[in-house]
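Asker: Sequence lines, in order, name chains W and B. Residues 4 to 164 in our numbering are what the first sequence lists, from first letter to last. Residues 78 to 506 in our numbering are what the second sequence lists, from first letter to last.
Any given hint might turn out to be false.
What the hints assert, rightly or not - Cross-link-like lysine-lysine pairs, in silico, DSS-like; alpha carbons within 27 Å at most:
no., chain 1, residue 1, chain 2, residue 2
1, B, K311, B, K151
2, B, K376, W, K28
3, B, K376, B, K434
4, B, K195, W, K28
5, W, K28, B, K95
6, B, K311, W, K28
7, W, K56, B, K261
8, W, K17, B, K110
9, W, K163, W, K153
10, W, K78, W, K9
11, B, K261, W, K9
12, W, K24, B, K110
13, W, K24, B, K354
14, B, K480, W, K17
15, B, K311, W, K24
16, B, K151, W, K24
17, W, K78, B, K150
18, B, K95, W, K24
19, B, K311, B, K226
20, B, K226, B, K110
21, W, K15, B, K150
22, W, K24, B, K434
23, B, K226, W, K28
To be verified - DEER-style ranges, computed between Cβ atoms:
no., chain 1, residue 1, chain 2, residue 2, range
24, W, H103, B, K226, 36 to 42 Å
25, W, Y45, B, D343, 31 to 37 Å
26, B, D121, W, Y45, 50 to 56 Å
What the hints assert, rightly or not - Far from chain B, by Cβ distances over 12 Å, these chain W residues were calculated:
no., residue
27, Q29
28, P34
29, E128
30, S132
31, D164
I should point out that these hints are in silico values taken from the structure, not numbers from a laboratory. C-beta atoms are modelled at their ideal positions from N, C-alpha and C, and glycine is treated no differently.
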Amino acid sequence: MPENMKLTRELKEKIDSIVAKSETKQSALIPVLREIQNAEGYLTNESMEEAAKILGLTPANVQSVATFYTMFFRKEPGKHVVWLCRTLSCALKGAEQAEHHMCEKLGVHTGGTTSDGKITLMEAECLASCGTAPVMLVDDDLVENLTKEKIDRIIEELRKD
Amino acid sequence: MPELRIIRSYAGVQDSHKIESYIQRGGYQALPKALGMDPDDIIDLIKRAGLRGRGGAGFPTGVKWGFIQRDSKKPIYLCCNADESEPGSFKDREIIEQDPHQMLEGIIIGCYTINSHKSYIYIRGEMPYGAGVLERALEEAYENGYLGKNILNSGFDLDVVVFRGAGAYICGEETGLLESIEGKNGEPRPKPPFPAQSGLFGCPTIVNNVETLAFVPHIINRGAEWFSEIGTPKNTGTKIYGLCGQINNPGLYELPLGIPLRELIDEYGGGVPGGRKVKAVSPGGSSAPLLTADELDLKMDFDTLSEVGSMLGTAGVTVIDDSTCMVRVAQNLAHFYRDESCGQCVQCREGTWWLEKMLTMIEEGRGRMEYIDTLLDACSQMRGTTICALADGCAMPVESIVKKFRHEFEEHIKLGKCPFEREHMGEWS
Ligand SMILES: Cc1cc2nc3c(=O)[nH]c(=O)nc-3n(C[C@H](O)[C@H](O)[C@H](O)COP(=O)(O)O)c2cc1C
Ligand code: SF4
Ligand code: FES
Chain W
4 MPENMKLTRE
14 LKEKIDSIVA
24 KSETKQSALI
34 PVLREIQNAE
44 GYLTNESMEE
54 AAKILGLTPA
64 NVQSVATFYT
74 MFFRKEPGKH
84 VVWLCRTLSC
94 ALKGAEQAEH
104 HMCEKLGVHT
114 GGTTSDGKIT
124 LMEAECLASC
134 GTAPVMLVDD
144 DLVENLTKEK
154 IDRIIEELRK
164 D
Chain B
78 MPELRIIRSY
88 AGVQDSHKIE
98 SYIQRGGYQA
108 LPKALGMDPD
118 DIIDLIKRAG
128 LRGRGGAGFP
138 TGVKWGFIQR
148 DSKKPIYLCC
158 NADESEPGSF
168 KDREIIEQDP
178 HQMLEGIIIG
188 CYTINSHKSY
198 IYIRGEMPYG
208 AGVLERALEE
218 AYENGYLGKN
228 ILNSGFDLDV
238 VVFRGAGAYI
248 CGEETGLLES
258 IEGKNGEPRP
268 KPPFPAQSGL
278 FGCPTIVNNV
288 ETLAFVPHII
298 NRGAEWFSEI
308 GTPKNTGTKI
318 YGLCGQINNP
328 GLYELPLGIP
338 LRELIDEYGG
348 GVPGGRKVKA
358 VSPGGSSAPL
368 LTADELDLKM
378 DFDTLSEVGS
388 MLGTAGVTVI
398 DDSTCMVRVA
408 QNLAHFYRDE
418 SCGQCVQCRE
428 GTWWLEKMLT
438 MIEEGRGRME
448 YIDTLLDACS
458 QMRGTTICAL
468 ADGCAMPVES
478 IVKKFRHEFE
488 EHIKLGKCPF
498 EREHMGEWS
């Protein structure tokens, strides 16, 4: 990924339109960081500095926000990110086994990325789907009532993609 | 007994998220009515209905709206709290995804009432689908003249935007939420000042939960008396109860406030699977002190649960059966709060870390008897001493587990291992 590249013009335009819609420049920060991450996969120091410049903030300020929120990546994640819920209701329904199984299948620890760069496995806290536990978020899609078979099928699909 | 569905009229309806579906179910009839009312009369109506906030604290909504100085020179904001992150709670997500217009009509009426022309819906980052549904619902509402300039020719203007979070439970706390919209870390603010005086961008602000706002159109349509006759005298209306954990029929059930917990678990939830028994219940999201099997006859409302030292919270009920280790439950919860503490207060930052560590040592058979009282001490030091209620939210359930299931802690320490045979906390199918 573009460690030494400036933001593309298309991305800059998107950022400008977010800033124009925001009530203060700083309140555009989280939407802007999301836009950058959508485009580039993660937040590089370069891109955070750019964002700081555009929004009139210090780089340290932007770094701090990028660190505070768990969904921002400061290292390149896999092509797909899986967020597996670990919290009580999911744990009561086997989330620990699900995590164990995922780690084994993917050959990674939680937080790690498969060697082919396809899948990053992350631990999530309660995803507001406790009635269909255990659950995980696969990129933008929620997968409920997880079973071994379901997990295997999804990993299969993500690997092929 | 069937549910008493006021909000959940969308259940089982195809394409319920579309504006046509909402209108077909009687939607957007309250708005023109409200726009013709004096805001003071709306506040009075909501007060007489007895509507209490569904975000956890049960604060009277009409009273909260009344705190706003409507002739303020600064802009006034209404923020809809769609951050739903309290473990065990999954009601707001359904409302957002299945019936976004219902909450939106409540937002518009709320804004008119407090003289706000700009509203933010703060939705957590882990709900991309819901955020998309809301974005489309806003477009539909603008196209139909329910948002924008001169709404329904009333002269009232309102813009609503969706603000997506990026992963942090603490942004559900109302001032953490405001900080987050302002582009900062979601670190709660010391109170006072309360948001009604100085909230978003230093302006008067109301923060309301999704479910709270969804009730508003119904109260406008059907009146305060109708609403106040449902439930119990001080806990009026229905509540969307969530059932999860070790229960046969998990899901959401909309029922009058005050339904006995036992009825909820046995009749609606179908009891505990595998012929096992209830051991403990977390009655209102993970921050609520737990109840034991001897407390199932309690009524599920704000006042009853607070009288026995617990709380209704979000009414997300997690059922724990008798095959489950309570030390492990406490450890799982402490881990959550340690993970989510924003770190501003020492008692919270250190306390959550310390609790998790002690609980882990006990669970793994490395505990000592004196740890039990140390745990209780740590809990009492965390309570009521911090900027926000997250520290209490960790201390309260942990303390209740240590007190109510002390024998399990003692057994772990005596045996030098977890007495439960299981490798994992729960089994998956
Ligand atoms: C740590 C913490 C997390 C919270 N999370 C939420 C949440 O996700 N959703 C919510 O509506 N309220 C949450 N609250 C409560 C809010 O601070 C606030 O009281 C509520 O949104 C007010 O709405 P209501 O009056 O309609 O209930 C949380 C409070 C605390 C202390
Ligand atoms: S109690 Fe915890 S979460 Fe709340 S402000 Fe203090 S450190 Fe942050
Ligand atoms: S505990 Fe996993 S979704 Fe709530």
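Asker: Can we confirm that no CB of chain B comes within 12 Å of the CB of P34 (chain W)?
Answerer: 7 Å, violated
Asker: With the threshold set at 27 Å, check whether the alpha-carbon distance from K24 (chain W) to K110 (chain B) stays at or below it.
Answerer: Answer violated: K24 (chain W) to K110 (chain B) is near 31 Å, above 27 Å.
Asker: Quick one: are Y45 (chain W) and D343 (chain B) within 31 to 37 Å, going by C-beta?
Answerer: For D343 (chain B) against Y45 (chain W), whose Cβ atoms are near 49 Å apart, the range 31 to 37 Å is violated.
Asker: Since S132 (chain W) was said not to touch the interface, does its Cβ keep a gap of more than 12 Å from each Cβ of chain B?
Answerer: 5 Å, violated
Asker: Would the hint linking K311 (chain B) and K28 (chain W) be met if the CA-CA limit is 27 Å?
Answerer: 44 Å, violated
Asker: CA of K56 (chain W) to CA of K261 (chain B), is that 27 Å or under?
Answerer: Between K56 (chain W) and K261 (chain B) the Cα gap is close to 16 Å, so the pair holds against 27 Å.
Asker: What's the verdict on K480 (chain B) and K17 (chain W), does the C-alpha distance respect the 27 Å limit or exceed it?
Answerer: 55 Å, violated
Asker: With a cut-off of 27 Å on the C-alpha distance, tell me whether K195 (chain B) and K28 (chain W) pass.
Answerer: Holds, at about 17 Å.
Asker: Holds or violated: K78 (chain W) with K150 (chain B), Cα cutoff 27 Å?
Answerer: 45 Å, violated
Asker: Does the structure keep K226 (chain B) and K28 (chain W) at a Cα separation of 27 Å or less?
Answerer: 24 Å, holds
Asker: Please settle this one: Q29 (chain W) was flagged as non-interface, so is its CB more than 12 Å from every CB on chain B?
Answerer: Violated: least Cβ distance 4 Å, not greater than 12 Å.
Asker: Take a quick look at E128 (chain W) and tell me if its Cβ sits farther than 12 Å from every Cβ on chain B, holds or violated.
Answerer: 6 Å, violated
Of the numbered hints listed earlier, those contradicted by the structure are 1, 2, 3, 5, 6, 8, 12, 13, 14, 15, 17, 19, 21, 22, 24, 25, 27, 28, 29, 30.
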